[in-house]
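J.: Mapping of the sequence shown onto our numbering: position 54 corresponds to residue 72, and the numbering continues sequentially without gaps.
Hints are computed from structural coordinates only; laboratory data are not their basis.
The C-beta atom is built at its ideal place from N, Cα and C for all residues, glycine as well.
There's no promise every hint is true.
Taking CB as the label site, the calculated pair distances span [claimed, not checked]:
| id | residue 1 | residue 2 | range |
| --- | --- | --- | --- |
| 1 | GLU58 | LEU32 | 35 to 41 Å |
| 2 | VAL64 | ALA37 | 19 to 25 Å |
| 3 | ALA66 | LEU28 | 22 to 28 Å |
| 4 | ARG69 | GLY35 | 19 to 25 Å |
| 5 | ASN24 | GLN48 | 26 to 32 Å |
| 6 | GLU73 | GLY25 | 28 to 34 Å |
| 7 | LEU32 | PRO57 | 33 to 39 Å |
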Amino acid sequence: MVGACNGIQLYSQLLTGRADLMDRTCDMWQLLLPGIATPEATARIVVAPGRGAVE
């Protein structure tokens, strides 16, 4: 998990100066969560860039 998170950050920094970090992080979690969470939990998890934002 640490390697995946660090890799996403470094790759985003190299390509876009971290402009796409949130989208890349969401993509990473969509790929990794089914491998570490139960199917029931995975079905309820919402991974979206704007989730949790304070307006």
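J.: If a hint holds in the structure, say so; if it does not, say that too.
T.: Checked hints:
1. As the Cβ distance of GLU58 to LEU32 is approximately 37 Å, the hint placing it in 35 to 41 Å holds.
2. VAL64 and ALA37 have their C-beta atoms about 23 Å apart, which keeps the hinted 19 to 25 Å range intact.
3. The hinted range of 22 to 28 Å is satisfied by ALA66 and LEU28, whose Cβ atoms lie roughly 23 Å apart.
4. Against the hinted window of 19 to 25 Å, the Cβ-Cβ separation of ARG69 and GLY35 comes to about 23 Å, which satisfies the hint.
5. Taking the beta carbon of each, ASN24 and GLN48 are about 18 Å apart, not inside 26 to 32 Å as hinted.
6. Restraint check, GLU73 to GLY25: a C-beta distance of roughly 31 Å satisfies the suggested window 28 to 34 Å.
7. Between LEU32 and PRO57 the C-beta distance comes to about 35 Å, which sits within the given range of 33 to 39 Å.
In this structure, only the earlier hint numbered 5 is contradicted, and the remaining ones agree with it.
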